[in-house]
Amino acid sequence: MFLALKEIKHEKMRYGLIVFMIFLIAYMILATWGLAYGLARENTVALEGWQTKSVVLNKNANLFMNSSILTKDDLKKINLTDKEAVVGELQVVAKKKGKTGINAQYMGVKKGEFIYKDQDVIAGRRAKSKYEVTADSSFKDKGYKLGDKVTLNGSDHKYTIVGFVKDAKINIEPIMYGFLPAWKELKNVAPGIEASGIISQRKLSVKGKNFKTYGIKEFTQKLPGHSEQNMTFELMIAFMFIISLAIVAVFLYILTIQKLPNYAVLRAQGVPAKTLIWATVSQSLLLVTSALVLALLAIWGTAAAIPASVPMAFTPGIFVATIGGMLVMALLGGLNPVRTILKIDPVQAIGG
Amino acid sequence: MAAIEIKNVKKVYGQGDAATVALKGVDFSADTGNVVLLMGPSGAGKSTLLTIMGALQTATSGKVEIDGQDISQLKEKDRSRLRLNKLGFILQAYNLVPYLTVKEQFQLVDKVKKTGNLRQEELKDLLADLGIENLVKKYPENLSGGQKQRVAIARAMYANPKILLADEPTASLDSERVEEVGRLFKKLAKDDRKAIILVTHDPRLEKYADHIYDMMDGQLSQRK
Ligand SMILES: Nc1ncnc2c1ncn2[C@@H]1O[C@H](COP(=O)(O)OP(=O)(O)OP(=O)(O)O)[C@@H](O)[C@H]1O
Ligand SMILES: [Mg+2]
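As you go down the protein sequences, you meet chains A and B in turn.
854 is the number of the first residue of the first sequence in the working numbering; add one for each residue after it.
16 is the number of the first residue of the second sequence in the working numbering; add one for each residue after it.
Here chain B stands alone, though its shape is the one from the complex:
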């Protein structure tokens, strides 16, 4: 079954003369066990699509299903719960809580989501895979951009979401790290049966993708 199913989704920002059509009827789906890339030039509508399937905002029209559930009519409170339980986000900016150590970022997840998070040894493995096992006591301000990015990835995965959504997850990683993170995404998709959707400009990730979509001017076409 598709983890995410999107049919004929349109998104218009603003009204009247100021209206911007960001999505012009997009069909998209992502299955569990797959890594899917969303690529395309700036302003094409990638983030818009990602936030709609991440239940962060609603589409102007069309149908959005997450894990079999139609979310187009959900209230913000229910969308919030859905995000907490089923979705993991790796965001471009402000990823981490500035006054929590790396370890406490995970504790915060425990506070708000009591069940279904990774076990301590699973977390340890994950941190080791990402090469950040020695950073648990540090505050985000003392981490490099790449380290922050990897902590954000770990944080998103810690809640053990079914679907992982990432906006430019490799933006500040060096080549070697990009390959590692790519492999990790692939492994998580295959072994843990997650659906992973990555918005990226980074061609180095292409070889880890099961499917690649190109976004252009609010329209989507499948390349792979």
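Here chain A stands alone, though its shape is the one from the complex:
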């Protein structure tokens, strides 16, 4: 550690640049990953919030809730508990006078259901009557206010936003929570049609002539574009991750190789190889750790400063993988030259 620290202290510029470079790499990994995950999460965040385990949909809807319909008869065949919520989903364009429309998912629910009760209201209140809605907070970020009246798909009736809710997003679109009667009106359904589907917090396995239960995994994979997008993100991040980690390892390796002539002298003077190995490894770890601390601070600042319309989100796994991967590379980069250090011929030090 003595040698590692003194060397950094003496060559501040050089080591500052190295830390800066590793910082940039760590920051790039975290930012890209956070953005990708933030976007991917908007596909499913509402479903997760509802703690969905299974979804009942019309058999012929191809797992697409928007085109699924359940009839009164269908619903009768299903034993509904407080773990199920009957919902009517409709793709809508919400438009306030003088503003451009926003694509949203109208989600008609029932007052007694968990989806209605569990809304994470951050401003205003839950809807009470047919033409009231709560909207995802992104509406608020786009300048909508409590009390604003909007038309949905050019409806005659205006809908009043009475509350904003957090994490109400499905398939990258904001949700507007309202009621099933309003959904029927908006969708203009035939008599006897009651809902789009059922969200269940249990692992249901009901089946009927018209409907089928799907596990949440199957359902989310079929969200339009979702699995394709995830695949792209995963590959993109995997490539970036592997390549940048390799860069870090190679960089630290070069750094250590440059010390070898000097180490020959120290070996000649009897300084144990152990001391020199520890000097390189501890230095690698120190540089990477400082860079990681900076990257975490920077990403924290970025996530706070970035506009809400660009979602950035993280799981503990993202941090663990980035930090772990970087530290392992530090070890590899620092340890790689160990064989070389052990094989240093101290005679070289004599130089003549």
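No lab work stands behind these hints: they were computed from the structure.
Please note: incorrect hints may appear among the correct ones.
[Claimed, not checked] Chain B stretches covered by chain A per the calculated footprint, using a threshold of three residues with CB under 8 Å from any CB of chain A:
{"no.": "1", "stretch": "62-72"}
{"no.": "2", "stretch": "99-105"}
{"no.": "3", "stretch": "120-131"}
[As the list claims (entries may be wrong)] List of simulated lysine-lysine pairs, DSSO-like, C-alpha gap at most 27 Å:
{"no.": "4", "chain 1": "A", "residue 1": "Lys859", "chain 2": "B", "residue 2": "Lys163"}
{"no.": "5", "chain 1": "B", "residue 1": "Lys139", "chain 2": "A", "residue 2": "Lys1127"}
{"no.": "6", "chain 1": "A", "residue 1": "Lys862", "chain 2": "B", "residue 2": "Lys177"}
{"no.": "7", "chain 1": "A", "residue 1": "Lys1127", "chain 2": "B", "residue 2": "Lys101"}
{"no.": "8", "chain 1": "B", "residue 1": "Lys139", "chain 2": "B", "residue 2": "Lys163"}
{"no.": "9", "chain 1": "B", "residue 1": "Lys153", "chain 2": "A", "residue 2": "Lys859"}
{"no.": "10", "chain 1": "B", "residue 1": "Lys129", "chain 2": "A", "residue 2": "Lys862"}
{"no.": "11", "chain 1": "A", "residue 1": "Lys859", "chain 2": "B", "residue 2": "Lys152"}
{"no.": "12", "chain 1": "B", "residue 1": "Lys128", "chain 2": "A", "residue 2": "Lys1127"}
{"no.": "13", "chain 1": "B", "residue 1": "Lys126", "chain 2": "A", "residue 2": "Lys1127"}
{"no.": "14", "chain 1": "B", "residue 1": "Lys118", "chain 2": "B", "residue 2": "Lys90"}
{"no.": "15", "chain 1": "A", "residue 1": "Lys1075", "chain 2": "A", "residue 2": "Lys1056"}
{"no.": "16", "chain 1": "A", "residue 1": "Lys981", "chain 2": "A", "residue 2": "Lys950"}
{"no.": "17", "chain 1": "B", "residue 1": "Lys128", "chain 2": "A", "residue 2": "Lys862"}
On a predicted model such as this, the values are computed, not experimentally measured, just so you know.
A virtual CB, placed ideally from N, CA and C, is assigned to each residue, including glycine.
For this one, chain A is given, so just place chain B with the ligands on it according to the hints.
Positioned in the frame of chain A, the structure of chain B with the ligands alone reads:
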């Protein structure tokens, strides 16, 4: 007792057609309390001999004893420990750690060799003797060649080795400094009972030597 005893040492570099015989059966010994010079033309084998008695490399054949211990069979790890504890080197190139100040060069010795180093006042005297007491805060890059050489001498002596080996220690010193360093070597040998072996081309050191050997084509002959 001889600090270093070498009997019939041969050293061959390389193999077959490329083989170079650097030492052709050399006998040599140096006692504590003596300054011994190794002189001779370039390529004669001086550095080779110095590195063999400095436990930096092994002889092809023959016997090498340091402080009574046969080192020809030692593993590198044990040779390293021997170098740390008994030998001091003043080397031609890369003598000092570039990113340590003069003072820290000594601290590094303390880190790896916990006991038997000079006490602080002894170090102070040594630095004064070498005229480098004002340079302790400087980095090697800010020292002149001669100053570096003297710091290297101080560093080697700081570990208080029994045997001091130097390759061209006066190469970049002016005449006055050469005389001072010569006197210092002599004083260290006599007062501190060290064996000091110097490879040099510098005839100005001859008057401080107890013995002088000439190396020629891998063979050694004693002049004094
Ligand atoms: N590592 C090596 N591999 C092969 N040959 C070597 C090696 N080191 C030295 N030699 C050869 O051994 C002989 C003795 O070299 P050595 O370095 O001991 O000479 P020297 O007396 O120290 O010369 P100088 O005064 O130039 O430093 C030379 O012929 C040299 O070319
Ligand atoms: Mg030489």
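The hints, checked one at a time:
no., hint, verdict
1, 62-72, "holds (count 6)"
2, 99-105, "holds (count 4)"
3, 120-131, "holds (count 5)"
4, A:Lys859 x B:Lys163, "19 Å, holds"
5, B:Lys139 x A:Lys1127, "30 Å, violated"
6, A:Lys862 x B:Lys177, "34 Å, violated"
7, A:Lys1127 x B:Lys101, "19 Å, holds"
8, B:Lys139 x B:Lys163, "17 Å, holds"
9, B:Lys153 x A:Lys859, "13 Å, holds"
10, B:Lys129 x A:Lys862, "24 Å, holds"
11, A:Lys859 x B:Lys152, "13 Å, holds"
12, B:Lys128 x A:Lys1127, "13 Å, holds"
13, B:Lys126 x A:Lys1127, "12 Å, holds"
14, B:Lys118 x B:Lys90, "32 Å, violated"
15, A:Lys1075 x A:Lys1056, "18 Å, holds"
16, A:Lys981 x A:Lys950, "23 Å, holds"
17, B:Lys128 x A:Lys862, "23 Å, holds"
Checked against the numbered hints above, the structure violates hints 5, 6, 14; every other hint is satisfied.
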